[in-house]
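**Q** Given the sequences, and given the hints that come with them, work out the whole structure.
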Amino acid sequence: MKEDQIASIGIGAMIVFIALILVAAVASAVIIQTGEKLQQNAQQTGSDTQEEIGGKINIITVWVGDQSDCDGDGDGDGIGNANDEDEEDVCITLVYELAAGSEQMTEDQVHWSITCLDDPNAVNPTLQKIWGTFDGFPTNLNAYAGANTIPTNTMNLDTVNVDGSQKFVNEGGAIDDAPEANDDDEDTLNPGQVYMISIKTNGDTQELASDNNGVSDAPEQAQGECNPTLNEQHSLTISVVGGGTTIEILSYTSTDEGAQVV
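In case it helps, the working numbering puts the sequence shown at residues 49 to 310.
Since the hints were made in silico from the structure, they are not lab data.
We put the beta carbon where it would ideally sit given N, CA and C, even for glycine.
Just so you know, nobody snuck in bad clues.
Just the calculated beta-carbon pair ranges, DEER-fashion:
hint : residue 1 : residue 2 : range
1    : Gly149    : Val71     : 44 to 52 Å
2    : Ile57     : Gln88     : 44 to 52 Å
3    : Asp211    : Gln152    : 17 to 25 Å
**A** Below, the structure written as structure tokens:
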């Protein structure tokens, strides 16, 4: 007797059709999930890029700064001894601005560090590191707040205007060109403005207390020193909290005051 094959062919075709639908459904789910993941990654990348570019310091120039008492905290006794604070506070001077797209930030959001080797030609040179923030005390603090008011246990000097004037506001909130003891330090950094700061490259006796290992006691902001040294290269890193990082190489082809290093 002749068998009817039409029904079995139809059932087979239906099974294949259902299988294709299932494959298409799975493929659609994978494509949708992948698309969502790519979108999330793109959004995160865009956010990271905006943060990296927008919250960043743009270095304009760096030169060798005051090579004596650059922080103005000399003990004033004029006597050279083991605890002498009359000199040996060495600085480099940095001129900077906020990177394009940056929003207003505060000085204490900006952190700096300098690393170097104590003797690059040694078989086993020791890594030296100093660090601080862009928010500190003005180097002329003694001049208007009284003698011996400059702290002697911090690496942090204050950001100033590019012309060297202090960023102060008086009790009425106006910029004060002749600061007094009761004035407030203006700690904001604004886009479009150019600023200047002196960065200490070694610690005072208090910053590098009498530890045999050369580690600072109070506060710990220096492990050795990175003073300008002829023909050496030191690494300067500036990081913004919640923002980007700027790295520059300080190349000392001269250690004379005013010699450009970046």
